[in-house]
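Engineer: Sequence:
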Amino acid sequence: MAELQATLPAPREPAETRAIDRAAEDREAIAPARPARPTWMGDRVAGADTRVLHQYGLDLAAVWPRLWLVLPQEVRDEVTAARRRVEAAAQLATWAVPFAAVTVAWCLTHRAAVRR
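First residue of the sequence shown? That's 960 in my numbering, and the numbers climb one at a time after it.
Calculated from the structure, these hints are not laboratory results.
Just so you know, even glycine gets a beta-carbon here, dropped at the ideal spot from N, CA and C.
Some hints could be false.
Quick list of simulated restraints, FRET-style, between CB atoms [as the list claims (entries may be wrong)]:
{"hint": "1", "residue 1": "A988", "residue 2": "A961", "range": "37 to 45 Å"}
{"hint": "2", "residue 1": "V1011", "residue 2": "E1033", "range": "36 to 44 Å"}
{"hint": "3", "residue 1": "Q1050", "residue 2": "A983", "range": "34 to 42 Å"}
{"hint": "4", "residue 1": "R1044", "residue 2": "L1067", "range": "33 to 41 Å"}
{"hint": "5", "residue 1": "W1027", "residue 2": "Q964", "range": "30 to 38 Å"}
{"hint": "6", "residue 1": "A1059", "residue 2": "W999", "range": "16 to 24 Å"}
Working from the sequences, and respecting the hints, build out all of it.
Structural biologist: Now the structure itself:
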């Protein structure tokens, strides 16, 4: 037993404990869980799913199709409109990347032609 107690770390000072608690609160303000997806948006969506699972015991992936069928039409319209806005933003961002690359290439070749 003495050997086991010798391997335990020394108790923390109250100031050190408060600093650790503050750091944990700061981390939780950003995200309550360790990032596990390639983007912060993916972590946010998964975080909502995790929060509902822990708070209500509902697995959204299993419940959502059934819930969708009983939602009032107003709510379904709002969710559909929000989804369309997200899809439009994603499509715009997807097209922006190749257009930016073409623009940069054109500017570089045009600038070289002007110098001659």
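Engineer: Would you mind marking each hint as holding or not holding in the structure?
Structural biologist: To see whether the hints hold, each was checked on the structure:
1. Take A988 and A961: their Cβ atoms lie about 42 Å apart, and the range 37 to 45 Å holds.
2. Taken as a hint, the range 36 to 44 Å is violated for the pair V1011 and E1033, whose Cβ atoms sit roughly 21 Å apart.
3. Q1050 and A983 have their C-beta atoms about 39 Å apart, which keeps the hinted 34 to 42 Å range intact.
4. Distance hint check: the CB atoms of R1044 and L1067 are about 35 Å apart, consistent with the given range 33 to 41 Å.
5. As the Cβ distance of W1027 to Q964 is approximately 57 Å, the hint placing it in 30 to 38 Å is violated.
6. The given range of 16 to 24 Å is respected by A1059 and W999, whose C-beta atoms sit roughly 21 Å from each other.
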